[in-house]
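Student: Sequence:
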Amino acid sequence: MRRLTRRCRPVGRLRGERGAAAVMVALLMVPLLGLAALAVDVASLYSDRAQLRNAADAAALAVALDCARDRCGNPTATAAAVLAANTTSAAAQDATVRTPQVTTSSNGVTVTVSADQAHWFAPVLGISSSRVTATATARWATTTRARANFPLALSWCEYKAQVTRHPASTATTSYRINGMTMGQTCTGPNGGTITGGYAVTNPDSSSVCRTTSTLGSTIPAYPGMNSTGLPPTCTDQYLGSLIGSDIFFPVWDSMSSSGAIHVYSYATFHIDGYDVYSSDPALIGHFTFAAQQSDAPTRPTTTAPDLGARSVYLQG
Numbered sequence: 000m001r002r003l004t005r006r007c008r009p010v011g012r013l014r015g016e017r018g019a020a021a022v023m024v025a026l027l028m029v030p031l032l033g034l035a036a037l038a039v040d041v042a043s044l045y046s047d048r049a050q051l052r053n054a055a056d057a058a059a060l061a062v063a064l065d066c067a068r069d070r071c072g073n074p075t076a077t078a079a080a081v082l083a084a085n086t087t088s089a090a091a092q093d094a095t096v097r098t099p100q101v102t103t104s105s106n107g108v109t110v111t112v113s114a115d116q117a118h119w120f121a122p123v124l125g126i127s128s129s130r131v132t133a134t135a136t137a138r139w140a141t142t143t144r145a146r147a148n149f150p151l152a153l154s155w156c157e158y159k160a161q162v163t164r165h166p167a168s169t170a171t172t173s174y175r176i177n178g179m180t181m182g183q184t185c186t187g188p189n190g191g192t193i194t195g196g197y198a199v200t201n202p203d204s205s206s207v208c209r210t211t212s213t214l215g216s217t218i219p220a221y222p223g224m225n226s227t228g229l230p231p232t233c234t235d236q237y238l239g240s241l242i243g244s245d246i247f248f249p250v251w252d253s254m255s256s257s258g259a260i261h262v263y264s265y266a267t268f269h270i271d272g273y274d275v276y277s278s279d280p281a282l283i284g285h286f287t288f289a290a291q292q293s294d295a296p297t298r299p300t301t302t303a304p305d306l307g308a309r310s311v312y313l314q315g
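Under numbering that gives the first Met the number 0, the sequence shown has 270 at position 271, and the numbering climbs by one with no breaks.
Bear in mind the hints are in silico, worked out from the structure with no lab data behind them. For clarity, every value in this text was computed on a predicted model and none was experimentally measured. Any given hint could turn out to be false.
Claimed, not checked - Now the in silico label distances, taken between C-beta atoms and shown as ranges:
| no. | residue 1 | residue 2 | range |
| --- | --- | --- | --- |
| 1 | 258 | 84 | 16 to 26 angstroms |
| 2 | 53 | 102 | 17 to 27 angstroms |
| 3 | 84 | 219 | 40 to 50 angstroms |
| 4 | 146 | 189 | 17 to 27 angstroms |
Here a beta-carbon is modelled for each residue, glycine too, at the ideal position from N, C-alpha and C.
The task is simple: from the sequences and hints, build the whole structure.
Tutor: This is how it looks when you write it as structure tokens:
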């Protein structure tokens with residue numbers, strides 16, 4: 000019978016291969032670290048870039064909202080404050096955020112933010128940090144859609160009479176607005192004759208005290224305007240919460256026989272107080288320049304006459 004034999008590899012050869020494996024690992028260490036740098040550091044760069052983009056958007060919107068109110072102040076300081084608030088502490092440990100660059104124009108602002116990101120593994124390849132940059136542009140235009148948190152609309156006659164007596168400004172002088180031209184007529188912006196005064200508008204629903212409208216649309220008047228004055232949802236508590244805020248009011252250039260008004264543009268009024276007597280709402284404050292962030296991502300396709308109400312949007 001043939002004997003089975005076991006073949007054995009020489010011990011010396013195994014030891015030699017072990018040494019070769021160590022050499023191969025040593026030779027591959029640099030590219031392995033390079034891959035680690037790509038995996039970790041590049042991912043960190045993408046994360047920081049996304050965060051800077053969000054911060055740039057927020058900074059541009061903040062500066063644009065100020066400038067749209069005719070209160071630009073110090074745009075760089077505003078952008079820097081927003082940038083600091085929108086960068087996390089974790090990112091700040093690995094990146095040095097630089098002072099933002101701000102450029103303003105007559106109807107827009109561009110903010111460029113940047114940070115020097117320190118790397119974890121890339122220094123092995125001679126790259127200790129990289130600069131991450133993001134730019135955002137925000138613009139403003141006259142408002143074409145607004146929500147009146149106090150459901151009131153003004154006739155073109157009333158608006159002109161009020162701002163002639165008390166021009167719109169950023170001042171803090173207060174006065175009463177309560178129908179200077181009720182029952183009177185004037186020539187509207189399109190040359191026609193329109194009725195003066197104001198109208199309480201129908202709220203968006205029976206549970207709110209506000210009216211949302213769009214440029215060129217018609218808004219029905221509140222049926223109880225001549226009896227109860229304001230809708231029951233417009234409580235003292237709610238009206239008190241509006242003090243200190245800017246209210247967007249539609250201004251009408253025509254009214255139908257049923258009392259529906261046609262929105263010509265929007266004006267803004269800063270409320271310092273209110274007085275409702277004999278079912279007649281009166282506001283205390285002043286016309287001003289105010290801005291809101293637009294619910295549209297781009298510039299409105301139509302424009303309204305500028306009566307002080309502006310909308311801010313990010314330029315895509």
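Student: Evaluate each hint against the coordinates.
Tutor: Comparing the hints with the structure gives:
no. : hint                            : in the structure
1   : 258 <-> 84: 16 to 26 angstroms  : violated, 47 angstroms
2   : 53 <-> 102: 17 to 27 angstroms  : holds, 20 angstroms
3   : 84 <-> 219: 40 to 50 angstroms  : holds, 42 angstroms
4   : 146 <-> 189: 17 to 27 angstroms : holds, 25 angstroms
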